[in-house]
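Since each chain sits alone in its own frame, please combine them into the complex, following the hints.
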Amino acid sequence: MKRSALILFILFVPSLVLAASSDLINAAKKEGNVVVYSITSRIANAAKSFEAKYGITVSAHNLKDFELIEKVTSEGANKVYGADFIIAQDSGRVFGEIIKPGYAYSYVPPDMKNIIPKMYQDPLYFSFITKAFIYNSETYTYPTITNVWELTEKKWEKKFWFKDPLKEGVNANFLTMVTSPEVSKQLEAAYERHFGKKITLTTPNAGYEWIKGIINNQLVMFTSDTKMANSLGVKGQNIDAVALGTYSKLRYREKKNLALMPIMGMEPFAGFFYPSFLLIRDNAKNPNAAKLFIEYLLTEEGFEPWSGSLGTYSSNPNIKPYPGDNTLDVWSRILVLESPEFIYQNRTDVEEFWNSMIY
Amino acid sequence: MLIAHRTKSFLRKPENVILLCLLIILTYLILLPLFSIVGDTFKVHSSELMRIKGAETGDFTSYHWKSIFIGKYSKNIFYKPLVNTVLVALATCFIAIFLGGVFAWLVTRTDIQFKKTISSLLILPYIMPSWTLAMAWLNFFKNKHVGAPGLFTAFTGIQTPDWFAYGFFPITIVLGLHYAPFAFILIGGILRNMDANLEEAAQILKAGRWRIIRKITIPIVLPAMLSTFLLVFSSAMSAFAVPAFLGSPVRFQVLTTQLFRTLNGMSPGYGFLIALVMIVIGALILTGNQMLVGKRKSFATVTGKSSNISLVNLKKARIPLSIILLVLLLLITIVPLITFAVQSFMVSSGNLAAENFTALFWVGEGRPDVLSGEPGILRNKYIYIGLWNSIRLSILVSLLAGTVGLLVGYAVVKRRGTLAANTLDRLSFFPYLLPSMAFGAIYLSMFAVRRGFIPSLYGTFAILVLIGTVKYLPFASRAGINAIFQLGREIEEAAMIFGVSWWKRMVKIIVPIQKASVLSGFLLPFISSMRELSLYILLVTPSTKILTTMLFQYNEKGWDQYANAIILFIVIVVISLNLIVNKVTGASIDKGIGG
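Line by line, the protein sequences are chains V and S. Its first residue numbered 1, the first sequence is counted upward by one per residue in my numbering. Its first residue numbered 1, the second sequence is counted upward by one per residue in my numbering.
With the rest of the complex left out, here is chain S (with noise of 0.2 Å):
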C-alpha cells in the first residue's frame, strides 16, 4: 500500500513523468546502439565474403578486431590515420581557440570599430557547410599537383608548394576558422557575464593592460577556453567533409575519411571498429568536461554585475586594426561566396574570357557534351526535391530536439541534484560527443532491421528525423537547462498556488517569460541540420536525398557549378532564418556577444 501510495505520488508531479520517460527512450536511443555496434564489429557483413573465406553472412568472427589493431596492413588502415586524426584535432583547437579568444577579448574588452558587423560576420564560417571554406583554399591555391591552377598561381605565377595547398595545413586552418566562432561565442560570453569589478580592482591598483590579461582574465576564461578545447577537439575528430577535400590529393587519411571508405566500400566491420573507436574517445572526452564543469560551478554564480568597465583604448591601432580584422572577415566570409556565385556562371574556372559564361547551369536542359546531361538547378526537379527534404527535416529536428530539451531542462532543473536528472543530463548530452558518422553508422546497423515493434527503418525520412533530433538534443537541452534554471522557483510555485495546470504554467509563464533562450534551442538545431553531411550520409537513400549530400556528390563529381549553386542555397535559408527570428524575437545563436 504505502509502495503504492508512493509511486502515485511521485507519478503526480509532471517533472517526474517526464524524468522517466525521457530516461527510458533515451537510454533506447542513445545506450542500446552502442551495444548493437558492438556485435556488430564481430559479424560478416555481406560485401566482406569476398574477403572473409568461407563464411556465411551473419557469422561470428574476430577478423576485423585483428586486422585493425595487429594486421599486417594495421598501420595505413588504422594506426596513422588515428594519429592524424588526433594532430589534426590538436591543431584545430588551438587556432580556433586562438581566434575566437582573440577576437571574443577585441569585441568585449576593446573600443574597437565595427563591433557588431564582426561578431555577425564571425559567426558566418559555423553557419556555412564547413567545406564551404575548403572549397574556396581549393579554388585559390590549388597548384599543378591536380592540373589547372588555382586564382592565386594564375594571378602570381608562384606554384604554392604542396604542403600549403593540401592535407594537415589547410585542414587545420579551414577547421580552426570553421570553429572560431565557438570559441568567440563561449569565450566571449563568459568575459561578457564575468564581474568587471575584478579587472577594475587590478585597474585601480595599478595593474598593467597585459598584467591584467594575464593574472585576471585568463584565469576566469580558462574553464570555458578548455571547455571549448574539449568541444572542438570532438568536433573536429569528426570532421569529415574538409579532410575529405583538402586530403586527398595527397593522400591525407583521417578516421572519419577511412569509416566512410570502409563502411560503404568492402569492409563494413573495420568501419564499425573504428566508429567504436571514436565513440570511446568521445566517451573520454565527455568525462573530462564533466569533471571541468562540475569544478567551475562552484564559482559560476552570476552577481549583478558592475557598471560596465571602462574599455581598452586602442588608441593610433583602433582603426587601422579594426579595418584589418574586417577585411580579414570579409576575406573568408563574402569573398567566397561570391567567387561561388560567379563560378556557377563560368564553363571552366579561371577563364575571364565572355564566352566562358553561360547560364547553361542555371536555366540549361541539360546537354551530355557539357555536364553528362544535368539540367539546370533552376530547373532540375531533383534539386528541388533536396532543397524541400533539407527545409522539412531541418525544421522537424529543430521542432522535435527544441522541445525535448526544453523537457528535459524541465525535468533536470526541477529535481537538480538526483542521480536520475543528472544522468538524464549527461545523457542528453552524450550524442554531441558522437563523431556524426559514427552515429550514423550505429543507426544504420540498429535501424535497418526490424527491432520489437519498430520496422526497419533504413532508407525511410523518419530515421533521419530520429538521427537529426537526438544528434542536436544536447544544444536543445543546453539552452532548456539555462532557461529553466534563470527561472526563479517561485514564479511556477504561484501559478502552482493557483492552480494553474502544467501544460498552461508551460505554454503561458515559462516559455513566454524566456523565449529567447528557448528559441535559441529551436534554432541551433535547425542550423545545424541543414549544413549537416556526415550524420546523414550513410542514411539517405535516393529518394530522401538532401541538399547537403547532393552537394558533396556534385563536388566530388566535379561538377562544380551545381555544388557552388547548393552552397548559395543553403546559407541563403539558414542566414535568412537566423535573421528573421533575430529580428522577431531577440534570440540568435551570437547571442549575448557583440557591441
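One chain only, chain V, in its complex shape (with noise of 0.2 Å):
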C-alpha cells in the first residue's frame, strides 16, 4: 500500500530544480570543514565531489554499524565533539540509543520537505539498502533453490554463508524480524509448502525453528559482506554455495570477474532491506556544512555514488535506480523490512537464542 503511495508520488511530483539557500552556502563555507560518521564507504566519493563543488573539506570516517553506535552513545555521554553529522543504520538501537537520549536530531532540508515522503522524514531517511540471497551463476545457470527451508537440509549442510549477526545490527535485525508472527506465519506456510506436511514446532515459532536449522546445517559465517561476494562469485571453482549479503556487492561483477545472481523467488522471502538515517549531532560544529552536505547527498548529484550501481536506493524518490536494477517497490514485496519497534522489544531474546546454538 505505502509502496503504491510512494510510486504514484514519483508519477506526479515534476522534478524541481533544487538549490540550497545562498545564507546556508555563506554559513557553511565560513566554518569551512565538516566531519561525517558513516557506515557507508562511498562517503568518501560523495564527500570529494562536495569538497570540489563547495570548497569545504570533509573528513569521512567509515565505522561499522555498532561502531558507530558505540562512538557517538559514548561521545554523546561525554559531550565530548566527534562529528558533525552521521548516516547510521539499526533502527532500533538509532532510535532507543542517539535519537531518544537527544545525542543527534534530523534536519530536513526546506526544498524536500514536500519531495522525500512525509513518512521518511523523521527521522530523516537517507537511503534503503537491500540484502538478498546470492548464488555462483556460473556454477548454476539458473538459482537451484527457491524456499529458504531448503538451507536446513542435508544438500546444503556448510553451503549458506551469512555474516555474523553480531558483528552487523542489522543482521540480527533481519533474524529478530524471522521471528514476529507476520514472518514466522509466512515461514508455516512455505514449509508446508515444501515438505509437504505441517511443522512440528520445538521452539517458539516456525522462525526459531528456521533458525535453529541454519545454525544446525552448519552455517558458514563471514566477518564482511564484501569478503562473501569475493568468494562466492569467484569463476572457474564450481562454488555451489548459498550467501545471503549485501545486493549491492554485485557491482564488483565486472571488474572483479565474479559470476553473482539474485535469486528473486525465494520463498518466502528473498532476503531483507533496512534504511540508512542522516542525523545531525547536538554537539555538532559545523552545523551548517552539516546541513549542506545532507542537502547535497539528497539530490541525484550528491547520490550518484551509490545509485551509479545497483542496490542502493535514495529515500528521494526523484532519484531514479540504477538503469537495470529492480526498483524498491519490487524490493518490497519480496524482502523483510526491520520494524523498530519489534526489534527494540524482541531482539535480545532472539541473541541470546543464537548464542545458545552457535558456538
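Treat each hint with caution, since some may be false.
[To be verified] With a cut-off of at most 25 Å between alpha-carbon atoms, the simulated DMTMM-like pairs for lysine to aspartate or glutamate come out as follows:
| hint | chain 1 | residue 1 | chain 2 | residue 2 |
| --- | --- | --- | --- | --- |
| 1 | V | K158 | S | E355 |
| 2 | V | K256 | S | E15 |
| 3 | V | K64 | S | E365 |
| 4 | S | K53 | V | E341 |
| 5 | V | K255 | V | E304 |
| 6 | V | K159 | S | D162 |
| 7 | V | K155 | V | E138 |
| 8 | S | K72 | V | E352 |
| 9 | S | K80 | V | E157 |
| 10 | V | K154 | V | D111 |
| 11 | V | K212 | V | E138 |
| 12 | S | K381 | V | E51 |
[As the list claims (entries may be wrong)] What follows is a list of derived Cβ distance ranges for each label pair:
| hint | chain 1 | residue 1 | chain 2 | residue 2 | range |
| --- | --- | --- | --- | --- | --- |
| 13 | S | F164 | V | P181 | 40 to 46 Å |
| 14 | S | L284 | V | T202 | 37 to 43 Å |
| 15 | V | K320 | S | Y384 | 34 to 40 Å |
| 16 | S | V363 | V | E192 | 55 to 61 Å |
| 17 | S | F485 | V | K158 | 38 to 44 Å |
| 18 | S | L90 | V | A77 | 38 to 44 Å |
Honestly, the hints are just simulated from the structure, not real lab data. All residues carry an ideal CB built from backbone N, CA and C; glycine is no exception.
See below:
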C-alpha cells in the first residue's frame, strides 16, 4: 500500500531544480570543514565531489554500524565532539540510543520537505539498503533453490553463508524479524509447501525453528559482505554455496570478474532491507556545513556514488535506481523490512537464542 | 621535630622521592582501575536497556554475574570460550618453548651456520603484527568452506580439511611461531650467560651429549623455561586478532573474541566481567612468576665466564640442517611479506592473469565499482593520518615508558630489599599480565568520565599514550632494573662525593655507561606499540585511528590489498628503526643472542 503511494508520488511530482539557499552556503563555507561518521564507505566519493563543489573540507569516517553507535553514544554521554553528522543504520538502536537521549536530531532541508515522503522525514531517511540471497551464476545457470527451508536440509550443509549477525546489527535485526508473527506465519506456510506436512515446533515459532535449522546445518559466518561476495562469485572453482548478503556487491561483477546473481524467487522471502538515517549531532561544530552536505546527499548529484550502481535506493523518490536494477517497490514485496518497535522488544531474546546455539 | 627531621632527610634522597611518586601514580593508573571495572560489572549500561527491561542506565544489577556464571547460556557465552582459551594458551606455550628452545640451543651450542641471519630472522615473527601469519595461513590454506581456495589448493588440487585450515590448530601454530622468538631470547640469554664450566666438567667426565643436555643444560634453563611459559601463556591468553581471523569460519571462540563482541555490541556488562576473569588469571600468573623468580635469585649471580664452550659438531648434518632451518624461517617471515606485496597489486587473489594486476590500490582515485570508493593507498589521506598517529603514539609511549622504567629501575635497585621497592617492582610489572583488551576495557570505563581533576579522556589521543605507557612499562622497568643493577654502587658514590647533582649523575654517568640496556627499554615499547591492536582497539575514535586498527578494519571488510599494504608499512617502520638503533648503539631486542 505504502509503496504504491510512493510510485504515485514519483509519477506526479515534477522534478524540481534544487538549490540550497545562499545563506546556508555562505554559513557553511565560513565553517570550512565538516566531519561525518558513516556506515557506507562510498561516502568518500560523495565527500570528494562535495569538496570540489563547495570548497569545504570533509573528513569522512567509515565505521561499522555497532561501532558507530558505540562511538556516538560514548561521545554523546561525555560531551565529546567527534562528528558533525552521521549516517547510521540499525533502526532500533538508532532510535533508542541516539535519538531518544538527544545525541542527534533530524534536519530536513526546506527544498526536500515536499519531495521526500513524510514517513521518511522523522527521522530523516537517507537510503534503503537491500540484502538478498545470492548464488554463483557460473556454477548454476539458474537458482537451484527456491525455498529457504531447503537451507536446513543435508544438501546445503556448510553451504549457506551469512555475515555474523553479532558483527552487524541489521543482520541481527533480520533474524529478529524472522521470528515476528507475520514472517513466522509465512515461514510456516512455506514449510508446508516444501515438506508437504505441518511444522512441529521445538521452539516458540517457525522463525526460531528456521534459525535453529540453519545453525544446525553448519551455517558459515563471514566477517564482511564484501569478502562473502568475493568468495562466492569466483569463476572456475565450482562454488556451490548460497549467500545472504548485500545486494549492491553485485556491482563488483565486471571489474572483479565475479559470477553473482540474486535469487529473486526465494520463498517466502528473498532477503531483507533496511533504512539508513541522516542525523546531525547535538554538539556539531559545523552544523551549517553538515546541513549543506545532507542536502547535497539527497540530490541526484550527491547520491551518484550510490545510484551509479545497483542495490542502494535514495529516500528521494526523484532519484531513479541504476538502469536495469529493480525498483525499491519490487524489492519491498519480496524482502523483509525491519520494524524498529518489534526489534527493540525482541532482539535480545533472539540474540540470546542465537548465542545459545552458535558456539 | 624528630619526625619532621626524618621526613626531611628521607626526602633529600632522590630515590625516595621517585619511589614515593611512582607508587602513588602507578596505584592510580593500575590498581584503581581494577575497582572501577568491578563496579562496571554491577551496572546497567545504555546499550543494555533493551536487555534488562525496566532498568535505567547506571542502576545496580546482578544480571551480568548471573547470566555469565549460572545463566541458561553461560556455557556458550563463557565456559566454552574459557576452556578454548586455556587450551590455546597451553598449546601455544608448548610450541613456542619447543621451537624457541631448539633454536636457542642450536645457535648457542652448536656449529650451525648462518647464526646471525637465523637470529635476526627469528625475531621477525615477534616484530610483525601477530596476525600477519594468520593472514598468510588463510591465503595459503583456506578451503572451499569460505569460497575461493587458497594457494595450496590452487596448486595441488588437495582440499585442506577444516581442522587444518581454521580453528584450534592454526591458531596455536601461528601464535606459537609468534611467541617462539620470546622463548628464543629468554632461553638463549640464559644459555649464553650460564657458566660453561658445568658442561665442560661433564664433558671431561665423558658424559654423552644428550646426557649433558638432559642432566645439566635443561635443569639450568628450566627456570627460564618456566618463566617463558608463564609469560607466553598470559600473552597467548590475551591474543585477539589471530583467533578472530582463524577462528571465525568454524565459530571457534576464545575469551578475547567474546570480550570484543560483548563490549562493542549490546552487552558491555558481560564484557567487563569477562575482562575481570582474565585479570584474575593474569594476577595468579604473576604470583606464580614471582615465586619462581624468587627461587631463581639464589643462583643467578653471574660469575666470571669461562672460556667458550666447545660447540657441538653437527658433522654431516651441519649443512643440510642449516639450510633447512634457513628455508623454514624464510617461509614464515619473508615469503608472507612478499605475497602481501604482490597481492596488493591484484584485483582478485589467486588469479595470475596479467589483466588482474593493477596499481589501482596504490595510486587509484577510488572507484565505487572496485572497492567502495576508497582512494589508493598513496593518495589516501586517512592512511597518512593513521601512519602519523601510529608513529607519534609509539614515539611518545616509548619516551614516557622508557623514562619511567629507568626511574623505576633506579628507585628499586637503590632501595632494594625494602617493602616499598618490592611493591613498586611488582606494580610496574603487573600491566604485563593484564590482557591487553581487558586493560583497554578498564581504561574505557575508568577514563570515559571526568574523575576529579582529570577530564574525560575518551576520544583523546592522550588516553592512547597513557595506556600504551602503562602497558609497556614492564619492558622498560625490567630493562631499567637490569641496567642499574649491573652498575656498581661505587661509580655513583664517587660522583656523589664530588657533589655532582642527581640529574647530572643520571644523564652524564649512568645512562651513557648503560646505554645499550637503557635503549632497549625504549625500543621494546616502541615496537610493541607500533604493532599493537587489541590494547587500542576499544579506545580509538575515528580521529585518533592508528594503522593497526585500520588494518583490522580493512581485513574484516575483505579489502585485502589495503590491509596488505599497511602490514608492509608497519613492518618497514619497525625493522628500519630496529636496524638503525642497532647500528648506532648496539642495542636491539635480540641483544645477547646470535653468533
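Verification of the hints:
Between K158/V and E355/S the CA atoms are separated by roughly 33 Å; this puts the pair beyond 25 Å, and the hint is violated. Taken as a hint, the K256/V and E15/S pair is broken in the structure, with Cα atoms around 65 Å apart against an allowance of 25 Å. Note on K64/V and E365/S: the hinted pairing holds, with a Cα-Cα distance of about 23 Å set against a maximum of 25 Å. The straight-line distance between the Cα atoms of K53/S and E341/V is roughly 14 Å, inside the 25 Å bound, and the hint therefore holds.
Using a Cα cut-off of 25 Å, the hinted pair K255/V and E304/V holds, with the two alpha carbons roughly 18 Å apart. A C-alpha spacing of about 14 Å is found between K159/V and D162/S, which places the hinted pair at or below 25 Å, so the restraint holds. With a C-alpha separation of about 19 Å, the suggested pairing of K155/V with E138/V holds against the 25 Å cut-off. Distance hint between K72/S and E352/V is fulfilled; the C-alpha atoms sit about 9 Å from each other, no more than 25 Å.
Proximity of K80/S to E157/V is assessed by CA-CA distance (about 24 Å); at most 25 Å being required, the pair is judged to hold. At roughly 55 Å between alpha-carbon atoms, K154/V and D111/V are farther apart than 25 Å, so this suggested pair is violated. Our distance criterion of 25 Å between C-alpha atoms is broken by K212/V and E138/V, whose separation comes to about 30 Å. For the given pair, K381/S sits about 14 Å from E51/V by alpha-carbon distance, which is consistent with the 25 Å threshold.
Checked against the given bound of 40 to 46 Å, the beta carbons of F164/S and P181/V, roughly 45 Å apart, stay inside it. Range check, L284/S to T202/V: Cβ separation about 42 Å, and the 37 to 43 Å hint holds. At roughly 37 Å, the beta carbons of K320/V and Y384/S sit within the given window of 34 to 40 Å. Range check, V363/S to E192/V: Cβ separation about 57 Å, and the 55 to 61 Å hint holds.
For F485/S and K158/V, the Cβ-Cβ distance of about 58 Å falls outside the hinted range of 38 to 44 Å, so the restraint is violated. Between L90/S and A77/V the beta carbon distance is about 40 Å. The supplied range of 38 to 44 Å therefore holds.
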